[in-house]
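Novice: Note that the protein sequences, when read in sequence, are chains A and B. For the first sequence, the numbering used here puts the final residue at 1933, and the numbers step up evenly by one. For the second sequence, the numbering used here puts the final residue at 1933, and the numbers step up evenly by one.
These aren't lab readings, by the way, just hints derived from the structure by calculation. Please note that a few of the clues may not be correct.
In this list, chains with the same sequence are indistinguishable; a pair is considered to hold if it fits within one copy or across any two.
Claimed, not checked - Okay, derived cross-link-like pairs now, BS3-like style, lysine-lysine, Cα gap no bigger than 27 Å in a straight line: (1) K1840 x K1473; (2) K1482 x K1840; (3) K1669 x K1716.
2 protein chains.
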Amino acid sequence: MKQIRLSLLLFFVGILLNNVNAQDIIHDAEQNILIDQYGVEWAKQDKEIDKKLKALEKKYGKKPNIVHIMWDDNSFGEVGIKEFNYIRGFKTPRLNTMAEEGMTFTRMYTEPSCTPTRAACLTGRLAVRSGMYTVAFPPEGSGLPAEEVTIAEVLSEAGYNTAFFAKAHQGDIEESYMHNQGFDEAQFSLYNQFPPIFWHETGEAGQMTVGYTKNMTEKEYIVDQTWRPYGYIMDIEAKKGEKARETLPPTLENYRKLIDVHQEKALDFIRRKAKDDKPFYLAYWPNVYDLNRSGQEFTTSNGTAFAQNMERLDRHVGEIIDELKKQGISENTLIIAMADNGPMTEAPQAMYQNVFNGGKGDYREGGIRVAAFAQWDGVIEPGTVIGDIFACHDLFTTFARLAGATKYIPRDRIIDGIDQTAVFLYGDGQSRRDYYHVYTGPYHAATIKQQYKRVWIGGRPGLVKNDFYDLYADPREMRGMMAQFLWAWGPFDMMKKRHDAMNKKYPFTPTRHDVPFGGIENLRPESKTYVETVKRTMETGK
Amino acid sequence: MKQIRLSLLLFFVGILLNNVNAQDIIHDAEQNILIDQYGVEWAKQDKEIDKKLKALEKKYGKKPNIVHIMWDDNSFGEVGIKEFNYIRGFKTPRLNTMAEEGMTFTRMYTEPSCTPTRAACLTGRLAVRSGMYTVAFPPEGSGLPAEEVTIAEVLSEAGYNTAFFAKAHQGDIEESYMHNQGFDEAQFSLYNQFPPIFWHETGEAGQMTVGYTKNMTEKEYIVDQTWRPYGYIMDIEAKKGEKARETLPPTLENYRKLIDVHQEKALDFIRRKAKDDKPFYLAYWPNVYDLNRSGQEFTTSNGTAFAQNMERLDRHVGEIIDELKKQGISENTLIIAMADNGPMTEAPQAMYQNVFNGGKGDYREGGIRVAAFAQWDGVIEPGTVIGDIFACHDLFTTFARLAGATKYIPRDRIIDGIDQTAVFLYGDGQSRRDYYHVYTGPYHAATIKQQYKRVWIGGRPGLVKNDFYDLYADPREMRGMMAQFLWAWGPFDMMKKRHDAMNKKYPFTPTRHDVPFGGIENLRPESKTYVETVKRTMETGK
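Could you build the full structure based on these sequences and the hints that come with them?
Specialist: Shown next as structure tokens:
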């Protein structure tokens, strides 16, 4: 009842403040608890924020550009903190400088793996809501559903130039392609880095290949010669409304070329759009890793392919920032640079569990609490560190707000992303969330509220099945406690009940399936053969 | 043969450079391997260093003051790195500023526990060489032997004012007392913080007391009423040549008072000696921790007594630096601030294994690789990070060099400490060591060379008994490897052989035993009774 009264009050306050857009987005239940407590205050602050943004727009003649750089599988601490460079034996001077000139997040939560985090960023929703909770491998035959409204679509509505380069990993079906999901132009990888790096016979490079080489059919006991995914597509390009074209077939050599090709595409887009009347949104999610040692030179003290790749990533991020400065637009551009999830701990030349325990696929902090930085010269206070909880899907809602595009966010579904513009404008302590629901695959694995974390799944049945952690006292989740946290049992149960009730009201979209590699005009013969096999499977079960 | 020829060459180069002092110190074998490779270069650099130091002396009219602040049991990362403050939920702004204005060490190695590290710093030698390899508890009846030459003795010879305040933990026998080991003035604790914090019945404060309360003798089955150490001494004070006086008897309340008393003594010493003709050496090794929650207020997000104590330590270090600046002597004072070993992981309100695995008492990095900072305004380049290996016993030799007191370092024993003045003057990459031998108690537990670490003890017998680690690739020592490091088997064996040969030539001093609490003029009756009991044990075995 109190909440209804407050909602009504907020409605009228909203009208008064001429800022109703933010109010009618359907957020997850937990956010309503916060709005109930802070709605009036936030509405006031929003008015101030609008003034600031309008002043900036007046100064630069357009809304701010947005550059979202996101790379794979990286522990918090591996980049952007000078001391760690010495501990790990490789250098990231450009990301360290980004932290000094901009903002470092210490509680940026993502989904625990690539495809889900990318889907969450694109849709502003927990990946489970769009059915995008698994990691795509060829042939996935699934991908981001057309009905999902991406940030590219939202910003396009508001008049932004939009581009996507490098690793989408949003599936291999036609509707999922980036140019079919709102981007004006795109060149992107359908899957992750492992197929081209390790699946092919490339001399020494085949060192890690298990079960997938060209001459496999000559081996003993092989009957089915079509079972392995020989004909998959690594990378395609297209403009909005066009059919896609495969760029380079998947080989280690081509993958290595693509890393530089994507980087150059991103730089070129910035050069082409810097002086444009319209602002731009660039999603550049680079394929960082080449964990195949063959043919690489190793110049770091660390000596691993991982470290070598980190130094290249650092240079690449630096080049993007340099280009923005060179074009004179760094004061009207918000740059986000972040990892998409924790380190892949089982990979060859493994990434590393540095500050937190757990890695990719894991609901522990190491899987979901990532390196993340923001820079916006003249707007973000240099050297800011953010202790607030921030979720990767908040970027969706925040980008929309910055672009004046909040009204294009759909109102018929749950949007988990919160408008966090205040964090960028006012700094630490300004987050409008203090919770995060962690999913692994389709399972609700844990819930974080403030400094506390409760795990919903796992191996301990009965009363003590649920691990509780205090993330300040125990950031590595070493000592799950029960008795000390019994006070939090009820409050966490309430959170889950609210969340489950909302999920029931707004059901998850089932994972979308289709024949892979649709809409690609230059399919290779082996890809066509492969598609036919998959099609038969899907259509007839034969 | 090559080495002998080079040594001869160095001898003559040394004479030419008028800097023979550094050459004839007896270092551990490993250092000779380095001198063989870099001796000529270092001799040249030493000449430059002498010029620099002379210029400073001319400018300030005396040698530099030295302040060595060293606290207990603290993980690398807990202080001095801003981002970690947000992860851990407490703030250390003053140590963070120290890192920004001065130097952060990322590979400062100590011994794995309090007493040994303090002995190593005082003597410039691995603690095992002075028999100081265990942690003293009442009644220890042992301590630092008189024949050990401490840094206070060395610097006194060179005309320094010297003072020691707070936690010595160098034993409870008369010859071990700080004022008997070269310090002009001293007030110090004989043991660590646990006896006064947890051994006494102080209402709620007794929460952690196990087996030691005043009314213990009234309990069932107690026969021996003298067995528990009721009469021990917490803290004494004296000037050089005087008998000692107990300050406050051991209670929680008195311990809490002493933390501030020691801080004030340190500040007062700086005030008194700032304008003195002679430079000063202040060893201020504060009793940081009060892990008894009773009666404390908790203002941090972290909420533990540990975090609360960290914030007080940070303020206290800040006050010392402020006082040096206020007195106008920060440009002629080298300040070292560091922990003495890793976190006590089993303590109540536990410290935390943050960046490295392992804690106090452990040969893993978490036990021995500590938070450490240096500041020397105008000399140390602000914001320097040091990736070099630096050992706590290097401070001994380096302080001596800075004081022009190298000639007072004894030449009849192994001095493990290397002169690392170049690190403070020239920054990263200037260390004259790339190795460290790790002892736990009397055992040689591991050897570190460059980024590699080999463990000599442990539970795996046979070929694979020895864990090898690459500390860049695996700073947490999670994945001990063998096959990958078989190339390092021989080189590490050689290191150990050289080290063992030197140990044979210069045998370790056995742990020195005596009756505790000698030379204290105001012994309480219960202390006297207690001493008599111990004396009878030692003298007659009855």
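Novice: Look at each hint and say if it fits the structure.
Specialist: So, going through the hints one by one against the coordinates:
| no. | hint | verdict |
| --- | --- | --- |
| 1 | K1840 x K1473 | between (30 Å within a copy, 23 Å between copies) |
| 2 | K1482 x K1840 | between (34 Å within a copy, 21 Å between copies) |
| 3 | K1669 x K1716 | within (18 Å within a copy, 54 Å between copies) |
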